[in-house]
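Just so you know, we're using the UniProt record's numbering here: the sequence shown kicks off at 1 and counts up by one.
Any given hint could be a false lead.
[To be verified] Calculated cross-link-like contacts (lysine to aspartate or glutamate; reagent style EDC-like; alpha-carbon spacing at most 16 Å):
1. Lys141 with Glu85
2. Lys12 with Glu43
3. Lys12 with Asp29
4. Lys141 with Glu78
Simulated from the structure, these hints should not be mistaken for laboratory data.
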Amino acid sequence: MDYVSANPVSQKDETIKNNGFFPDIQTRDFQLQTRVDGTVTPERLKSTLLNAMIEVNRELYQWRIGQAAKTLKEVPAEQINGESELMILYQRAVFCFAKASLIERYRDIDTTAQGNKKADTMTPAIDEVWRDGKWALQRIKGETHNTVELI
Numbered sequence: 001m002d003y004v005s006a007n008p009v010s011q012k013d014e015t016i017k018n019n020g021f022f023p024d025i026q027t028r029d030f031q032l033q034t035r036v037d038g039t040v041t042p043e044r045l046k047s048t049l050l051n052a053m054i055e056v057n058r059e060l061y062q063w064r065i066g067q068a069a070k071t072l073k074e075v076p077a078e079q080i081n082g083e084s085e086l087m088i089l090y091q092r093a094v095f096c097f098a099k100a101s102l103i104e105r106y107r108d109i110d111t112t113a114q115g116n117k118k119a120d121t122m123t124p125a126i127d128e129v130w131r132d133g134k135w136a137l138q139r140i141k142g143e144t145h146n147t148v149e150l151i
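Use the sequences and the hints to build the structure in full.
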């Protein structure tokens, strides 16, 4: 199965059902918010979002079972633009994990010298997207942004 289309593919909005606690994800929201165009096939897009949801849900498992609420929306949180900040952060984590995964896999498609140079320039962007996703997870869990490196 091909995961890359040379020409943009017409994308329809699809709802990816979650586990009941965490919110469902709309494929179109992901595309619009992360600037993913139609060169990513619908199958690849859905697969990537499913995997990102699994990763984020697993990262939040211990936190989730400690909540008295039945859904993330019911967990007490600040409201931003009429929406729970936890819902916003959850979507950000999923979208960042999915976007980083797509960038990592799609940067090697053009194997020309120019393509290799472009791939090298994308590495910092990939790291930043992974970081943003991890920060969203930390905020949901009530943790601070700590980055520690050995020198």
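query = Would the pair Lys12 and Asp29 pass a check requiring their Cα atoms to be no farther apart than 16 Å?
reply = Between Lys12 and Asp29 the Cα gap is close to 11 Å, so the pair holds against 16 Å.
key: Holds or violated: Lys141 to Glu78, with C-alpha atoms at most 16 Å apart   = OK: Lys141 and Glu78 at ~14 Å, within 16 Å.
ask   = Given the hint that Lys141 pairs with Glu85, does the C-alpha gap stay at or below 16 Å?
value = Since the Cα atoms of Lys141 and Glu85 sit roughly 12 Å apart, the hinted pair holds (cutoff 16 Å).
inquiry  = Would the hint linking Lys12 and Glu43 be met if the CA-CA limit is 16 Å?
reply    = With Cα atoms ~11 Å apart, Lys12 and Glu43 stay inside 16 Å; holds.
Checked against the numbered hints given earlier, this structure breaks none of them.
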